[in-house]
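Each chain, written out:
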Amino acid sequence: MSRDLPRLRYHSQLRQSAHERREETHPLTWRMRDDGQPVFLEEYSKKDGYAAVKHVLNELSGKDVIEQMKTANVRGRGGAGFSAGVKWSLTMQGGDLPRGYLVCNADEMEPGTFKDRLIMEQMPHLLIEGMILGAYANNSRFGYIFLRGEYVESARALQRAIEEARAAGWLGDNIAGSGFDFDIALHTGAGRYICGEETALINSLEGKRANPRAKPPFPGQSGAWGKPTVVNNVETLCNTPAVMRHGAEWFQGISGDLSDDGGTKLYGVSGRVKRTGLWELPIGTPGEEIMDLAGGVVEGQSLKAWLPGGGSTGFLLPEHLKLGLDFDTIGKEGSRLGTGLLTVVTDQQSMVSLMRNLEAFFARESCGWCTPCRDGLPWTVKILQALERGEGEEGDIELLEKLADDQGPGKTFCAHAPGAAMPLSSAIKYFRDEFEAGVSHPRREAHADPIPVGEV
Amino acid sequence: MKTEETPSNAVTIATDGHGFVLHGDDLEAIRHERDHYEQAQAACIEALKIVQRRHGWVPDGAIPAIADALGVTPASVEGVATFYSLVFRQPVGRHVILVCDSSSCFLTDYEALREALSQRLGIDFGQTTDDGRFTLLPVCCLGACDRGPALMIDDDTYGPVHPDDVDVLLEAYS
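Protein sequence lines, in the order shown, are assigned to chains F and A. The first sequence begins at 1 in our numbering and counts up one residue at a time. The second sequence begins at 1 in our numbering and counts up one residue at a time.
Here chain F stands alone, though its shape is the one from the complex (with noise of 0.2 Å):
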């Protein structure tokens, strides 16, 4: 039976009701509504909303907000992970430096990821009031959201913050006669993956092809349009008003025994479990609980594997689940906290046809900068489509353990190519036996074909 049209419109939803949440507990969900409506300036502002600009360009120096944030030890939750406090002590800065820029990572493309659409949605004068802070810290004299050009929901909903904002003063000059002054852009992309890799966003915001630069410089010292330029993630600037509103020792509190990360994470979950969708915890919670709270795997299958953060992170296993999700407990198993939205797969999915889908999105999102990925990426899609065909060579298992390798870190331009090779080398380490079952033919003495670069 075919269902109503309304029925399917995506709607961007969190899982807990207004009475779970607690300004206390849940910083960057508390104010939002139940109906999941847009909250904007007047419900905001009724909220405790830019009471933390308020306080911080009056009372505080920039300084005092770099420290304040080193010590809630915000990471950055684009997937990286850093510090955004250490971040932010290394932006160039000084009288005779031009002010640079501040711009919002709000390009969310990695596949199993769907967190900040949920803030930027419902909540767009938290970015705002974030950024202005951020602004403020790094002395950035404008702002841009570099928003995926899909999020068009998203888009709506800031444009009409970003003009209640400026005609309330929170924007433009002398920010709350504070002197301070910053104004934000909306800027949307027109696709690609790799615009979420922070030099890689640079480039397309300058208008060019989006291929990565090299670092050093890092943006902080030389960004956009070579001015001091500080990228951070949508969740991690929400975060800062609450911290400055509540204090770091508040913020480490939330988080408590379960992480030495402070703060909470938007925690989701994907793929075949019953109750799928997103949570504001604690960071550091067990990845068990947060299965529970998507209801285990759905009816008649079980659990075979996880990926903790997106598609360039690495499988774990259902034993895994008992771990903490914080960055630096993830890295201590081999993968990557990530975006922390969980993808699950069952034991009645195959790893290879999973694998020959991630790594075709990988080759199609390559940006073509370097070798090991432009090259190797299609390379490695046409075995996983043999093996998946049950067509593999003898010695292909190898071969594609050696290309995760030349496309590791340290090997390549940018982070995408070992983005792409954690969830392979993972996936074989785990579960070697279902790639050998793909294996049918003796090695030829070479590989004759081509590289089929536009099957992918």
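Simulated from the structure, these hints should not be mistaken for laboratory data. Just to be clear, a hint being listed does not mean it is correct.
What the hints assert, rightly or not - Derived lysine-lysine pairs resembling DSSO-like cross-links, with alpha carbons at most 30 Å apart:
id : chain 1 : residue 1 : chain 2 : residue 2
1  : F       : Lys411    : F       : Lys215
2  : F       : Lys227    : A       : Lys49
3  : F       : Lys402    : F       : Lys332
4  : F       : Lys429    : F       : Lys322
5  : F       : Lys429    : F       : Lys274
6  : A       : Lys49     : F       : Lys208
Got chain F; can you put chain A on it based on the hints?
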């Protein structure tokens, strides 16, 4: 290549015998966009999108016209136009269907949805229906992973979309 200002302030560019006229409103929108950035090149992607909103795609003649409006080289505009997946360089249907083919949707039966769409429309990815109504394209994760498989038609995102839902979904777009 010839550039001339018309009374409506539009830029007409003749390339290979095919004239392309940048609409006056679009030129104004591009110039407005340019003010958001330190350098005009930055407005290039938005300029391509402005042209695409009017024409449905970006014809070859639009490249030198945009370059002229921004004061940059046509090669730099062309380089950008061929890089980004949402800039269409050949005509598309009245409605573009972007089907998410990334991991979460793949794990929730994206392939059955793709098959149903292909069969119903009689086209594969990259193609447009004979009546010019729909173009079918794959897209990176749409960020709707909690309700996969997901797709987007024009500005609307849907999910989860079961193969049985395809008819009712397509009916809404004439």
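Hints, one by one, checked against the model:
1. Lys411/F x Lys215/F: holds (14 Å)
2. Lys227/F x Lys49/A: holds (27 Å)
3. Lys402/F x Lys332/F: Judged against 30 Å, a Cα distance of about 23 Å means the pair holds.
4. Lys429/F x Lys322/F: Status holds; Cα separation ~20 Å.
5. Lys429/F x Lys274/F: holds (28 Å)
6. Lys49/A x Lys208/F: holds (14 Å)
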